[in-house]
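Peer 1: Here is what each chain is made of, one letter per residue.
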Amino acid sequence: MSLQPNPLPDPKLAEAQETNQSKSSSLWGDAFSRIVKSKTSLIGLCIILILIITAIFAPLIATHSPTDYASLTDRYQSPSSEHILGTDELGRDIFSRIVFGSRISIQIGVIAVGISMIIGVLLGGIAGYFGRWIDQIIMRLIDIMMAFPSILLAIALVAVLGPNLRNAMIAVGIVGIPQFARIVRSAVLSVKETEYIEAARAIGAKHGRTLMQHVLPNCLAPIIVQATLSIGTAILDAAGLSFLGLGAQPPKPEWGAMLSDGRAALQNAPWVVAFPGMAIFLVVLGFNLFGDGLRDALDPRLKQ
Amino acid sequence: MSTLLEVKNIKKHFPLKSENLFSREKPVLKAVDGVSFSIEAGETLGLVGESGCGKSTAGRVMLKLLEPTEGEVFFKGENITSFRGEQLRKLRKDMQIIFQDPYASLNPRKTIEQTITEPMKIFNIPKEERQKKLKRLLDVVGLSSYHKSRYPHEFSGGQRQRIGIARSLALEPELVICDEPVSALDVSIQAQVINLMEDLQDEFNLTYLFIAHDLSVVHHISDRVAVMYLGELVEIGEVAEVYQNPKHPYTQALLSAVPEVNPNQEKQRIILSGDLPSPANPPQGCKFHTRCPYAEEICRTQEPKLKKVSSDGQMASCHFVKEVVD
Numbered sequence: 001m002s003l004q005p006n007p008l009p010d011p012k013l014a015e016a017q018e019t020n021q022s023k024s025s026s027l028w029g030d031a032f033s034r035i036v037k038s039k040t041s042l043i044g045l046c047i048i049l050i051l052i053i054t055a056i057f058a059p060l061i062a063t064h065s066p067t068d069y070a071s072l073t074d075r076y077q078s079p080s081s082e083h084i085l086g087t088d089e090l091g092r093d094i095f096s097r098i099v100f101g102s103r104i105s106i107q108i109g110v111i112a113v114g115i116s117m118i119i120g121v122l123l124g125g126i127a128g129y130f131g132r133w134i135d136q137i138i139m140r141l142i143d144i145m146m147a148f149p150s151i152l153l154a155i156a157l158v159a160v161l162g163p164n165l166r167n168a169m170i171a172v173g174i175v176g177i178p179q180f181a182r183i184v185r186s187a188v189l190s191v192k193e194t195e196y197i198e199a200a201r202a203i204g205a206k207h208g209r210t211l212m213q214h215v216l217p218n219c220l221a222p223i224i225v226q227a228t229l230s231i232g233t234a235i236l237d238a239a240g241l242s243f244l245g246l247g248a249q250p251p252k253p254e255w256g257a258m259l260s261d262g263r264a265a266l267q268n269a270p271w272v273v274a275f276p277g278m279a280i281f282l283v284v285l286g287f288n289l290f291g292d293g294l295r296d297a298l299d300p301r302l303k304q
Numbered sequence: 001m002s003t004l005l006e007v008k009n010i011k012k013h014f015p016l017k018s019e020n021l022f023s024r025e026k027p028v029l030k031a032v033d034g035v036s037f038s039i040e041a042g043e044t045l046g047l048v049g050e051s052g053c054g055k056s057t058a059g060r061v062m063l064k065l066l067e068p069t070e071g072e073v074f075f076k077g078e079n080i081t082s083f084r085g086e087q088l089r090k091l092r093k094d095m096q097i098i099f100q101d102p103y104a105s106l107n108p109r110k111t112i113e114q115t116i117t118e119p120m121k122i123f124n125i126p127k128e129e130r131q132k133k134l135k136r137l138l139d140v141v142g143l144s145s146y147h148k149s150r151y152p153h154e155f156s157g158g159q160r161q162r163i164g165i166a167r168s169l170a171l172e173p174e175l176v177i178c179d180e181p182v183s184a185l186d187v188s189i190q191a192q193v194i195n196l197m198e199d200l201q202d203e204f205n206l207t208y209l210f211i212a213h214d215l216s217v218v219h220h221i222s223d224r225v226a227v228m229y230l231g232e233l234v235e236i237g238e239v240a241e242v243y244q245n246p247k248h249p250y251t252q253a254l255l256s257a258v259p260e261v262n263p264n265q266e267k268q269r270i271i272l273s274g275d276l277p278s279p280a281n282p283p284q285g286c287k288f289h290t291r292c293p294y295a296e297e298i299c300r301t302q303e304p305k306l307k308k309v310s311s312d313g314q315m316a317s318c319h320f321v322k323e324v325v326d
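Protein chains in written order, with UniProt numbering: chain R, 1 to 304; chain C, 1 to 326.
It is possible that some hints are incorrect.
[Said to hold, decoys possible] Keeping only pairs whose Cα atoms sit at most 25 Å apart, straight-line, the calculated DSS-like set for lysine-lysine is:
hint	chain 1	residue 1	chain 2	residue 2
1	R	K192	C	K11
2	C	K305	C	K11
3	C	K121	C	K132
4	C	K90	R	K192
5	R	K206	C	K305
[What the hints assert, rightly or not] Short derived list, chain C residues pointing at chain R, Cβ under 7 Å:
hint	residue
6	F99
7	D101
8	N107
9	R109
10	L215
If you're looking for bench data, these hints aren't it; they were derived computationally from the structure.
C-beta: ideal position from N, C-alpha, C; glycine also.
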């Protein structure tokens, strides 16, 4: 980051350059170059990209229908050239189910984390910005939520809402709120003491404007890191709920539900659980690696 | 000239964490402890003192960015001490602040255009007028219009400070509180910014409260100067008077520390002993007695009042300076 702008002799030339340049601030530019340099986060990024591409082109990649079980004689087939990852107890092609399952996983990841992020950022932002009794009330409520083991709280919520995929996403989303709220609150506490926040008050900005336009945009880095790491956790939690029969219902090709369905035949047909399990493992690993890399990349203390 | 801003006996005490869990006394840090003065329309009042003496806090109390613990603030004759919410927001149009640290006072996520036009947006100035004004503001602070889509990190310290000045002028205020606006800048850039501020004062008819610890800068820009020590005003008067003939021992010591241009000139350097006492536990009597070379018994027990010490309005608070009665 140079403090001196480039010497620009001709304003017109400068203007032309200006429009060509991307508007990204140096924070993100630096972060990107650091992520590319780190091998582990690059692996994470690749896994995430593969997942996204798989989800988008699922009908093209899948070799069979994920739900059709026309040939019951094909049940528990071991991996072969016809069914590259074998078939399950109803003769469905596991590879195709995993491919279509990626759509559900992305959906869960994005929606559940979206719920936790929106509510968590607002609660944490308000708690940190206004402080005093508002902070006390919000954070004690968050503490109560954190006192429950997350999967237990999710099970309880689904039990109340009714077992289906939508409710599982809502439950996983609610369970993730406390982490966002705490991270945002701590970031807001440091940002709100800066001079540009004081400047915003000095020019007559109202609280809502100050919070939304000045405080929260400067807390973006930890929020994005937390969101990335949370997607992995959310996919895992939702798979856990589906395994228990509280999430995706048959015949949806959800990875956790596939594990659950195949566990009876674990000794005879291990591929039925092994491959969906591996898919969950890889995707969660991918998001965690990328999230860790992102956190290191956005940490200003690492800047030279 | 009419009085634009007046503060009467303002105090700002910050609560501290109690060291003893069971003690009833709540310790406070007395950042500003009873300061009164007024600023005339069109003048520049310099406010000097060492770090931690409460200059910046006093400035923020005047702007109502901090609530005074005690005392009253008058703006154009109106008592604004109790102003809240909407009333206070309207007042922001007329009084603005320029910050010390140009690296911290601009939101790093906003372009220069967004930063400078934001005050106008808040006060619902229509878009065409905002654009026109932005162009003019960039022009007067010496930036080009192609700078406007850039982010603060792309600018140097001096340029950022000029962006901060443009933002504070966007609403055409009458009073600008300058909180050490040049102390974070290189000396060569300091002069540039100071000259800009002087030009702007003429052009926009501004009144400045110029907070600084650099005495030569204050001498250059101010009409009158006020000296603070440990949250109190110890001396105030016309710049020429105070610099030529300082009455308070603290002012004398401060001024003796200003480097001379002429190396041959004999100079009496007054070295103060000891450190600045903690504002959480200020000394009894005259707050300066712990470091004052002339301190006597009366200084330890009685607090001196600010009194008139020369016929042209210079005031100082010291037991050993003769009061002048007209």
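Peer 1: Work down the list of hints and note, for each, if the structure agrees.
Peer 2: Evaluation of the provided hints:
Distance restraint check for R/K192 and C/K11: the Cα-Cα separation of roughly 24 Å lies within the 25 Å cut-off, and the hinted pair is therefore satisfied. With a C-alpha separation of about 16 Å, the suggested pair C/K305 and C/K11 falls inside the 25 Å cut-off, and the hint holds. A C-alpha spacing of about 13 Å is found between C/K121 and C/K132, which places the hinted pair at or below 25 Å, so the restraint holds. Distance restraint check for C/K90 and R/K192: the Cα-Cα separation of roughly 23 Å lies within the 25 Å cut-off, and the hinted pair is therefore satisfied.
Using a Cα cut-off of 25 Å, the hinted pair R/K206 and C/K305 is violated, with the two alpha carbons roughly 41 Å apart. Contact between C/F99 and chain R, as hinted, is supported at the beta carbon level, the nearest pair being about 5 Å apart and thus within 7 Å. At its closest, the beta carbon of C/D101 sits 6 Å from a beta carbon of chain R; the interface hint therefore holds under the 7 Å criterion. Checking C/N107 against chain R: minimum C-beta separation of about 4 Å stays under 7 Å; hint holds.
For C/R109, the interface hint holds, since its Cβ comes within 7 Å of a Cβ in chain R; the closest pair sits about 4 Å apart. Given the 7 Å rule on beta carbons, the hint for C/L215 is violated: about 24 Å separates it from the nearest Cβ of chain R.
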